[in-house]
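Asker: Chains as they are written, first to last, in my numbering: chain A, 1 to 200; chain C, 1 to 272; chain E, 1 to 317.
It is worth saying that the hints were derived from the structure and are not from the lab. Honestly, I wouldn't trust all of these hints.
[To be verified] Lysine to aspartate or glutamate pairs mimicking EDC-like chemistry, simulated, CA-CA at most 16 Å apart: (1) C:K6 x A:D191; (2) E:K105 x E:D115; (3) E:K79 x C:D243; (4) E:K261 x E:E288; (5) C:K10 x E:E136; (6) E:K72 x E:E57; (7) E:K185 x E:D30; (8) C:K31 x E:E136; (9) C:K95 x E:D24; (10) E:K79 x C:E7; (11) E:K72 x A:D191; (12) E:K105 x C:E93; (13) E:K72 x C:D8; (14) E:K266 x E:D246; (15) C:K6 x E:D115; (16) C:K95 x E:E143; (17) E:K79 x C:D59; (18) C:K25 x E:E143; (19) A:K76 x A:D146; (20) E:K214 x E:D30.
Chain residues, written in single-letter form:
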Amino acid sequence: MRKKDLYKWLSVLVVIAILSSPTVESSLEDRSSPAEQDTLVNEPAVEDLNITDMTFSDDEPREDQNVTITITVENKGTEEQRNLSLILINIDQIISLKEVSLAPGNNSFPFFWQAEGGNQNITALLVRGTPDMEDISDFRSEDIVDTFSVDIWVEPESMGDIYTPLLALGLIIVVLFGSALIPSIWRAISDRGGHKRRKF
Amino acid sequence: MMKTVKEDIKEDLKNTCLTVSFELKKHFRMKRMIISFGLAIGLPLIFYIVPRIWASFPDTAEGFATLNLSFVNLLIIISGSLFAGDAVVGEFEEKTGLLLFSTPQRHSTIFIGKYIGALLPTLAVVSIYYLTTSLEIVGIYGTGGLSIELFQSFIISLVYTTSAVSLIFFFSSILKRKITSTLLGFFSLIMILPIIESVLQFLVEVEPWYILTYSAGLITDVFVSVPPIGGGPGGQVGQFSPDFYMGLTIMVLHTLVLFFLSVFIANRRRME
Amino acid sequence: MDDCIIRTENLVKKFGDNIIAVDDVSFDIDKGEVVGYLGPNGAGKTTTIKILTNLIEPTSGTACINGIDVNKYPKEALKDVGSLIGVPGVYGYLTPQEVLTYFGKVYRMSQREIDQRIEEVLEMVNLSDWRHSKIESFSTGMERRLAIGKSIFHEPSILILDEPVLGLDPEGIREMRELIKSFQKKEVTVFLSSHLLDEVSKVCDSVIFLYDGKVVERDSVEMIDQMMKQFRLIEVEFLNDLSEDDLRRLDELSIIEDIEKINRRKFRITKEEGDPASTAHMLRSVIEEGYDIISYSPKKSDLEDFYVSLMGERGGA
Chain A
1 MRKKDLYKWL SVLVVIAILS SPTVESSLED RSSPAEQDTL VNEPAVEDLN ITDMTFSDDE
61 PREDQNVTIT ITVENKGTEE QRNLSLILIN IDQIISLKEV SLAPGNNSFP FFWQAEGGNQ
121 NITALLVRGT PDMEDISDFR SEDIVDTFSV DIWVEPESMG DIYTPLLALG LIIVVLFGSA
181 LIPSIWRAIS DRGGHKRRKF
Chain C
1 MMKTVKEDIK EDLKNTCLTV SFELKKHFRM KRMIISFGLA IGLPLIFYIV PRIWASFPDT
61 AEGFATLNLS FVNLLIIISG SLFAGDAVVG EFEEKTGLLL FSTPQRHSTI FIGKYIGALL
121 PTLAVVSIYY LTTSLEIVGI YGTGGLSIEL FQSFIISLVY TTSAVSLIFF FSSILKRKIT
181 STLLGFFSLI MILPIIESVL QFLVEVEPWY ILTYSAGLIT DVFVSVPPIG GGPGGQVGQF
241 SPDFYMGLTI MVLHTLVLFF LSVFIANRRR ME
Chain E
1 MDDCIIRTEN LVKKFGDNII AVDDVSFDID KGEVVGYLGP NGAGKTTTIK ILTNLIEPTS
61 GTACINGIDV NKYPKEALKD VGSLIGVPGV YGYLTPQEVL TYFGKVYRMS QREIDQRIEE
121 VLEMVNLSDW RHSKIESFST GMERRLAIGK SIFHEPSILI LDEPVLGLDP EGIREMRELI
181 KSFQKKEVTV FLSSHLLDEV SKVCDSVIFL YDGKVVERDS VEMIDQMMKQ FRLIEVEFLN
241 DLSEDDLRRL DELSIIEDIE KINRRKFRIT KEEGDPASTA HMLRSVIEEG YDIISYSPKK
301 SDLEDFYVSL MGERGGA
């Protein structure tokens, strides 16, 4: 092989190596348009990192109760993984986001959640980096390393109270029956006033 | 010769009571009570007999109650129309007012008595409906199936009944024919207001908190552990739900405003 | 305290801007009087009666019963008043027993009084056999009789009746007349409107004539009869047919007020003056004009003639 050809192939290899490096790849991705992002090949989830469990401090919470949700993530590798985030989502609302580092083995992370009434779906997402986002529509699926979902029923608070409807009904009854007294009282007031009486 | 205020009040109350009993007798004779009470017992029985024979009951008592009570609104509208639809207008159209209004009674006393005479049987019909449903719940789920929410729903139904009767009575006081006022009262509650409600919810996407029939959703919404199954007869689940306190306030306001307006307008009508 | 039981003062009722149904009507009715209220259709009779019974409010003026303003204090004013206005409906799904019981309680009768009175009143109006039958099965006449029964049920001292014999057969009319006469004996004050002048003249002490909302005449029936006795009306039959020219010449005589044609030879002539001398004077005048008379009969006029002539003067029918 001639020297010229060698240098040519070496330079190609260097370019490939540079392009393959994570920092370059992500900065290239940052500069690309959303449409282009969608066409990028998704990087597969790191197989050594898995969310293995999600537990609740109370398995039958009531509405507005403060619940601690503990997410367990296993790092099957031998090295600490950094630059990761754990995001907790309720259906389509972000509950919380934490930047995490995963040491080899099991890692537990607590999250605090004020329970909303009814059927809830809590999903934990392990993602690369620290996404700068305000809602779930900012996610890019290629950033997701792993997910874990749990459905939970939260007993809603009773609607209203019993006293208000009773009071409302009582008020209506008093006013309706009391209205029969109004003409007499009106007449008495008018007679005392002595001014021109309106007929009732 | 002129009475004291106390004597005047006593007489007015007595006249009101006389009118109420006369109206109740009229409703009984015209078989309205039989029809309404029959519906109040028969409708819930359908929800008991059909599952027993062909299907199965809902898992929870609250689920059963929600299903059963989704039709109490319809019963309120039917009964209210029967009892209040011709309360005022009938006296003018049939010219029975020529006998009635020339008696030594204040006209307002007569109209208040007519209103109460329409309201009481409608409230009784709703009570019978809930009693029947409660007995069914006890029969299927035991006494543990009776919840505070059921009682809550009952009271809300009674409040809604007063507002529905007020609306129908209002039509009776302003219109000239019995059939028109009865039908307008009926269709306002079963169709016109629910349509306006749906348009506001789904097309304009604003909460129709001031519409009376929207507040009626509270009757079954109080069963919070059961997802809402409908906004009323033929209705669909809306994207909004009535606020508990606002809904009750709207009902009370409708009742009182329409009642006073009806009596005022009826009092100014004359047998011309 | 005067004996005036029913009084209207400057009573006015307007419907809209253009229709004045009652125009400044004032009259008094004393205790025990039976007063007829007469006028053509649309004169304002029923409107006046409706004001007196609190069915409508006057535009201005007052209507008092026993010195109490009816529209301001209806409970006090109407407690001793029985009324029958127009053609009222009756509650078809109820029985006479139930209807009369209700109204008896409204008039604060005791249950014992009610039970006793129901029997008496239904007997009076010939409905005893229908006491427990639904009113919807009644004929129009029966409904009318029941309405009359309701008006007298609480034995009022004042009766206000609007066309009381409407819908009644001749027997019913006779019975109604007897009923009113019986009230006269009990010193019940009766105020009634009617088109049947014959009936009014037979039962009433005095008559108020109403035309176009205004009172045009009030007099006792006796006085009206007296006036009629003054031979203003004379029936004349001529020997020959009278032509238009003949009639015109006759009409020009100052003593003659009006000529009504019966046929080409027979005429009813109203003379200006009411005294007997003018009757003779008219005969002379007609003969002097060259008319040949074969019959000359002064007629005793009655209330109907008076009514017609009064309305004729006013341009009504």
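Asker: Are the hints correct? Go through all of them and say.
Answerer: Hint check results:
1. C:K6 x A:D191: holds (14 Å)
2. E:K105 x E:D115: holds (11 Å)
3. E:K79 x C:D243: Given that 16 Å is the threshold and the Cα spacing comes to 51 Å, the pair is violated.
4. E:K261 x E:E288: violated (21 Å)
5. C:K10 x E:E136: violated (34 Å)
6. E:K72 x E:E57: holds (9 Å)
7. E:K185 x E:D30: holds (15 Å)
8. C:K31 x E:E136: Status holds; Cα separation ~15 Å.
9. C:K95 x E:D24: violated (28 Å)
10. E:K79 x C:E7: Between E:K79 and C:E7 the Cα gap is close to 15 Å, so the pair holds against 16 Å.
11. E:K72 x A:D191: Distance of about 11 Å is within 16 Å: holds.
12. E:K105 x C:E93: Between E:K105 and C:E93 the Cα gap is close to 25 Å, so the pair fails against 16 Å, i.e. violated.
13. E:K72 x C:D8: holds (14 Å)
14. E:K266 x E:D246: holds (13 Å)
15. C:K6 x E:D115: Roughly 30 Å between the alpha carbons, so the hint for C:K6 and E:D115 is violated.
16. C:K95 x E:E143: holds (13 Å)
17. E:K79 x C:D59: violated (64 Å)
18. C:K25 x E:E143: At roughly 20 Å apart (the allowed maximum being 16 Å), E:E143 and C:K25 break the hint.
19. A:K76 x A:D146: The hint holds at about 13 Å.
20. E:K214 x E:D30: Between E:K214 and E:D30 the Cα gap is close to 20 Å, so the pair fails against 16 Å, i.e. violated.
When held up to the earlier numbered hints, the structure conflicts with 3, 4, 5, 9, 12, 15, 17, 18, 20 and fits the remainder.
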